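Here is what each chain is made of, one letter per residue.
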Amino acid sequence: MTRQARTDKSFPAAGGQPAAAPEELAILGIGLPAWNRLLLVAGLVALVVLPFLVEGFTTFQMTQVAIYAIAILGLNLLTGYNGQFSLGHSAFFAVGAYTAAIAMNHFGLPYLLTLPLAAVISFLVGFAFGFPALRLEGLYLALATFMLAIAAPQLLKFSLFEPLTGGAQGLVLMRPEAPAFTGLDDDQWLYFISVIVMLALFWLSGNLIRYRIGRAIMAIRDNPLVASALGINTPLYKTVMFGISAAYTGVAGALSAMVVGFVAPDSFNFLLSVALLVGVVVGGIASMRGAIFGGFFILYIPTVAESFADVFSKGLSWAAYGVLLLAVIYVMPSGISGLIDAVIRRIAQPKQAPRRTDPAADVATAGPGPSNREKK
Amino acid sequence: MTVATTDPLLRVTDLRIRFGGIKALDGVSFDVGRGETVGVIGPNGSGKTTLFNCLSGIYSADEGGIVLDGAAIRGMPAHEIAARGISRTFQNLALFPTMTVLDNVKVGCHSHSSSSFVANALRFPSMLREEAEIRDRAWHWIERLGLEPVAHQLVTDLPMGTQKKTELARALAAEPRLLMLDEPAGGISHEEIDELEELIRRIGQEFGVTILLVEHHVALVMGVCARVVVLNFGQKIADDSPGRVQSDTAVIRAYLGTD
Ligand SMILES: Nc1ncnc2c1ncn2[C@@H]1O[C@H](COP(=O)(O)OP(=O)(O)OP(=O)(O)O)[C@@H](O)[C@H]1O
Ligand SMILES: [Mg+2]
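Heads up: the protein sequence lines correspond to chains A and B, in order.
Residue numbering for the first sequence follows this note's numbering, starting at 1 and increasing by one per position.
Residue numbering for the second sequence follows this note's numbering, starting at 1 and increasing by one per position.
Looking at chain B on its own, in the form it has when it is part of the complex (with noise of 0.2 Å):
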């Protein structure tokens, strides 16, 4: 879609953050469009994930602007942010592990369901009318992702392609507006990568959602993403095509670390 600039779902305007001396994002600005799967790439280091950290609200940048559907989001506790629709995995897997795949899941809905403490220790039946609705959605997306033969298992009993899929299922439960991926390939088969690729278009054509996926793994950046950011010591170098921004040299010469 191309109605970025006009209208975009979310607009990042000059982001700085820094710890001590490092200058992790300075100066970032960019716009990503409703509907659109947007790549962030840039060396180890660049402020990829400390940029995912800013907009979910776990970091608080120190200066700019984050507006996600027209309303300034940044300084925003993490979970209003959630509760707007921004909905992330994690880049080292961070799953609850005392939880099965099934509330890993469940937790997800988290925003999107509302019973009280009184409700919860008294059993109301709105609460349990919630419950069964929370289940019927965790159970979408775990079919979906195909892991209901480990449904009720522990998550920290299963092999890293499974945890990373309950992680992605976890975080699309949320039904985001803004799904972010930090490196959602990282440590996981080829076979599956593949499957992550068919997945993520899905994910974005068929339920409209808006992604932002940092991955090193090029060939699924340039497979899913029409746009790609790429990012060098905390500063944006170039915002264009995948094919654009792979003969730029500017991008070439920070992967290449020559200057």
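If we strip away everything but chain A, and leave its shape as in the complex, we get (with noise of 0.2 Å):
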């Protein structure tokens, strides 16, 4: 009986946000929810018209982009949203690199095939790690996922797997070229395919988090004990998590051999792991959007921090590069996306005017919108 007294209330049956949701908020005039689409739409046509307008290597640039925004969402689906450290991502980077490698080379396989190969295996890779996980928290899980990353690039190395990896030489892979028909060049032809294959994944992701997995995962993050004696299967959730996870990570790996044409050991070490959280933190931990933040983060800020540290000396790069980083964090503690929302919240009025109640008031309590989730 009470839930008939409830339906009558304005909660729609399916689908959304229910409308008690604080959405009235609006920047010049237009809703919060209407600026989302617009933006999404405006962010398409550019990812669409941008391989069109730019020069080659700066599309070939944006294809890496959108190669480590995949990489950081996949690190952040694991440490931002699910609480588990991982200083360990280049290894599974590697391993997505070197199957797309190793299956186009030896075995011919078309490189397209190679992404839900790789991601396979990755989450293959990832879930076997997440077991011995299960059991480290913090430090410890930082220390283990460490000396994934330190052992990766020896074992691509190791002379028995020689024939299969290339040793320390690694492996040259032909490069994808466009169809004819598609009219594009190769690096637009690999911009497509990465946005496409990032664009997918981001929506699998967005999806993942928003319903009962999603919060499940995070309850796991906020509270492990808890979410257990509400009935979460904590040690397949985290473990899950994991295989996931490096699938991403791997996919990312994959698409990046194809598009460098290359892999070698030693461009997968402990680095690339360092360059992900990075990126996952400048971006915003547990932040979607903030994976592409970070994604043009790791891959520009190296080079401004080089023509920074050209004024001094040219072996302090890492030294302005740990400063850029420090100020960005100093200036950003939530990350760009965490920047983003406030300055929302700042500009952001009542969409109706404001009744008796004081307009500031109301701005400050409608604060946790729906994208709240999202954050921290």
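Among the hints, erroneous ones may be present.
Said to hold, decoys possible - So, partial list: chain B residues that the calculated Cβ filter (under 7 Å) puts toward chain A:
| no. | residue |
| --- | --- |
| 1 | S29 |
| 2 | F30 |
| 3 | S60 |
| 4 | R74 |
| 5 | V107 |
| 6 | S111 |
| 7 | V118 |
| 8 | A121 |
| 9 | R123 |
| 10 | P125 |
| 11 | S126 |
Simulated from the structure, these hints should not be mistaken for lab results.
Just so you know, these numbers come straight off a predicted model, no measurement behind them.
Glycine included, each C-beta is placed from N, C-alpha and C at the ideal position.
Using the hints, put the two standalone chains together into the complex.
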């Protein structure tokens, strides 16, 4: 009976947020959800036209940003949303890259098919690593994943695997060529493949974190004991999340192998793990769109740092990078994504003219909007 | 109900757990009948929370039996026990701090839903239907506890009493057979305690939920419990009606600390 009474209130039966959600904020008279859709469409249009407006090298760089964004999103699913720390994602990146390279070079697999293969194999490797990770938390997990990152390049160079991996020399790949009917050049073609894969993976993870599974993985992050007392199979969720996270990063690795046309052990060293983690933090922990900002950051900031350092001494580029990183974290403690949210909260106004209530209070209470789940 | 002795919902026999030298539970046995509301009281450190932790699978008892509705559940992982119908609140607030009130309550529905990773990631229609059910159920309890105005707010922004209600709503959203409340009246106002007393009574009567209530607030325990189990240093020292427990000499001695 009470259930009946409830449906009379304005809560739609399916889809979307309940009507009671504080969505009535607006900027320039346009509601925030409308802005979201607008920006999404504008972003998609920009993604499509971009490679026709810039030169080849920039297209190539944008492709790399998309690839990093995928890897960062993968790490963010694990660390930001599920609370498991990893310094070992360079290893999963390597698994994906080598899966693609070996499948193409030794088994002649069409390059597009190497993507799902890399996803499956990286998932399995990540899932398997998730079991020992269950027993480790915080610093211990950081250490164990750190060892993974250290070990990966050595294993790839290991003489026993050399016939497959090419040892220290690595493997040179045939760079995929654009099909003639598309009228695209190769850079543009790889750009579109990477961007489409990125969009698909963003869509999947957006769904994953929004519903039942997402609540469960975030509940585990927030309080694992309570999560299990509420019926969440914590070990299973944590290992699966390790697998999914590794799969994302592995797909990024496979794309990277194609785009660069070359894999070698030392491109997947510990510094790549650190870069991905930097991408997560700078973009915004537990923020999906943050992964894209993170991708830009880790691609461009090292170059910026180098030109900064050039002023003093060429050898100081990492020091300059560190200073830049600290500055960004200081100015934006919750990442670029958090800064954007803060700005929106500052300039957004209640849609209808404020009633008798104090508008400032209105904005303050409406702060946790629908996108709240994405923050922190 | 007095069927407790013949077919109890919960039967605890000779439960023991120790932490180093401390026997936190030292051979505790009692039954809880279907539909009963049983109080668990005792001085600080007497083992009440430890008992709850053992029952919900957060601690694994060293020895003894825990039987829920005929099934032995001691040693089962916590999530399986939850799926069998035990849900609880925590002495120190244990909400998910990054989530809204609504999402916290939705997590309470986890055991009664089943959509998979794949169904979630690909937005299967079956998953969306289940989500609608979860939302309905969560809203049901949110309204029951008068939490609608704050449903979309982060729990950490809310006053203690509201957070406690959210935790109660989350536990109720699991539609448990056995609901365990660990000091629900701790840190809330007098009016809220009256409200709580009324609510606990109605949960028991209207929905037939069996309740175990740990509480220091004597009036609340006396108001809602037909039976009270008293713990002291991990042992049961009384198990009787509230009135008789209050005049029990062993209980009085335990509380005055003269033994
Ligand atoms: N995880 C643990 N490790 C070590 N000792 C513990 C642990 N949990 C409980 N204890 C000990 O077991 C005893 C019982 O504690 P418990 O929390 O069950 O008491 P309580 O009856 O709930 O007390 P209170 O009324 O203060 O909540 C205490 O001596 C406590 O220190
Ligand atoms: Mg206690």
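A quick look at each hint next to the structure:
1. A least Cβ separation of about 23 Å between S29/B and chain A goes past the 7 Å threshold, and the interface hint is therefore violated.
2. Against a cut-off of 7 Å between C-beta atoms, the interface hint on F30/B is violated, since the closest Cβ of chain A lies about 21 Å away.
3. Taking 7 Å as the C-beta contact cut-off toward chain A, the hint placing S60/B at the interface is violated, the least distance being around 12 Å.
4. Taking 7 Å as the C-beta contact cut-off toward chain A, the hint placing R74/B at the interface is violated, the least distance being around 16 Å.
5. Hint status for V107/B relative to chain A: holds, with the closest Cβ pair at about 5 Å, below 7 Å.
6. Proximity of S111/B to chain A holds as hinted, the smallest CB-CB distance being about 3 Å (cut-off 7 Å).
7. Nearest Cβ of chain A to the Cβ of V118/B: about 10 Å, over the 7 Å cut. The hint is violated.
8. Here the hint on A121/B is kept, as its CB sits about 4 Å from the closest CB of chain A, short of 7 Å.
9. Taking 7 Å as the C-beta contact cut-off toward chain A, the hint placing R123/B at the interface holds, the least distance being around 5 Å.
10. Proximity of P125/B to chain A is violated relative to the hint, the smallest CB-CB distance being about 9 Å (cut-off 7 Å).
11. Against a cut-off of 7 Å between C-beta atoms, the interface hint on S126/B is violated, since the closest Cβ of chain A lies about 12 Å away.
When held up to the earlier numbered hints, the structure conflicts with 1, 2, 3, 4, 7, 10 and 11 and fits the remainder.
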